[in-house]
Amino acid sequence: MGKLDRQINADGEGNMTDKAQAIEVRDLYKRFGPLEVLKGVSLSASQGDVIALIGGSGSGKSTFLRCINMLELPTAGSVTIHGETIEMKQDGHGGMMPANRRQIQRIRTKLGMVFQSFNLWQHMTVLQNVIEVPVNVLGQPKDQAIAVAETLLRRVGLYEKRDAYPAFLSGGQQQRAAIARALAIQPLVMLFDEPTSALDPELVGEVLSVIGDLAKENRTMILVTHEMKFARQVASHVIYLHGGVIEEQGSPEAIFENPQSERLKKFISSIH
Amino acid sequence: MSEVTAIPAYQAPKARSLFEPHRIFLMVLFAIILLSMAWFMRWDWIPRYQTRLLWGIWETIVMLFSTAIAGFILAVPLGLVQVTGPKPLAWLARGFCTLIRGTPLLLQLWLLYYGLGSLFAQYPEIRQSFLWPYLRQAWPYGFAALTISFAAYEGEVMRGAFAGVPKGELEAAKAYGMGRFTMFRRIWLPRAIQRTLPTLTGETVIQLKSTPLVATVTVVDVYAVISKVRQDTFLTYEPLLLLAAIYLILTGILVFSFRQLEKRIPNRGV
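Protein chains in written order, with my numbering: chain B, 1 to 272; chain Y, 1 to 270.
Since the hints were made in silico from the structure, they are not lab data. Any given hint could turn out to be false.
Simulated crosslink set (DSSO-like; lysine-lysine; CA at most 30 Å straight-line) [claimed, not checked]:
#	chain 1	residue 1	chain 2	residue 2
1	Y	Lys174	B	Lys142
2	B	Lys229	B	Lys216
3	Y	Lys263	B	Lys142
4	B	Lys229	B	Lys266
5	B	Lys110	Y	Lys167
6	B	Lys39	B	Lys229
7	B	Lys39	Y	Lys174
8	Y	Lys263	Y	Lys209
9	Y	Lys209	Y	Lys228
10	B	Lys265	B	Lys216
11	B	Lys265	B	Lys110
12	B	Lys89	Y	Lys174
13	B	Lys89	B	Lys39
14	Y	Lys167	B	Lys39
15	B	Lys89	Y	Lys167
16	Y	Lys167	Y	Lys263
17	B	Lys216	Y	Lys14
18	B	Lys142	Y	Lys87
19	Y	Lys263	Y	Lys14
20	Y	Lys87	B	Lys89
21	B	Lys110	Y	Lys14
22	Y	Lys174	Y	Lys87
23	B	Lys265	B	Lys229
Please model the complete structure; the sequences and the hints are all you need to start from.
Written out as structure tokens, the structure is:
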């Protein structure tokens, strides 16, 4: 797939880094037994791109996102983050696995993942959740991590809840805490896997507004979502997946106002 | 029925007074029983056995905690390999748990003490080793039997607890670059222990009441002291009633302290 022809925001600070390739996925294949979920999907994003992946259920969009940090192991293809390609080797069963555990763990600490079901660690308070990876994986001093975490929690509006356990928070609050946890590692790329799909309708807004704010600040983000209006607002590029291949992609205007393929037309009219 | 009847406002139930008639009756009854026990039964032996009794209680408590802690430490790998494999190890752990949970503790204790104990004595190498001063005593066998038993029961509980930690939380740890060991130490194990805490109270209380079995292999715990009292004084009820009271109090303390611990650890979302 071609490089994204996106205009870099004028408010971007370093122009050199703006042009850097943040993420490059080439020809990703994924097979679950006899079922081929991804049939050669590629994607590339520059620093600051916000890419929305849309598509019906079973289109492979979540699987694709999870292949980027190797939570799902692709059958074939390559993933490159900021110029570093994840080393893969054959697993002996016709698939691949990361060849270098150190490398994949290091790269994962640069990818801030936000899950559909939040996946906060239930035995830790909100603050402990946020500092867990900085302290115990990245080896930052605890007081420094706490200072960063408190700033982030203030940002997502959860400073008052920092000592609460996740089970005592609403879904929207949990997801905002999970976003703070992802931000705490200062990720190069944020990965959102249907961040609002598990939320009650009235809680979706608070999470989307946090993600929308992040999109404005020159962060590279890949977002799997069903919120079409939101995708249209924040995305710089939209990819429509169907049956494991990219059916259509382009600017949000092109995708939502002038869809070319019949399937995408149907998909968009079914959503609205 | 077109008229909507208003739901009466909620009224909190009256706080129960300690001095309701039935309560006063029960308290009086209890006081009478206690007083008649004190009056009509013989307790004059207590001062004579006081020191021994206290030592016995201490021995019981040490037995309880040392075996519960050691057993729990064994239970963690026993539960873990049943979830993670490799399969041969999982089968071994499952077999161990089934075997221990399927046979009486008394039998295990006697097999260890009379079986293994006398076997050890036949080997000069063992008799001359630095371990012999311990191996010729009774308590190591009691300790071993109680530890193994606790490990087997708690291992089964830990298996369920490990398996029950939501996959998503482990996945999140993985997605943030945690290594396997860090994930185990920081997420999987504490999360599993949090889930087992309520069962742990029950297991520990049961363990307390298993400790008198060690008296059968000559370990002098509180039960053994009471048996001695019975032999010396030919009294039946008084020593046994005292023993019951001691175990009840110990159980009460245990349950109370576990409650305090559980209160400090959130059990929602478990």
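What are the numbers of the hints that this structure violates, sorted from low to high?
11, 17, 18, 21
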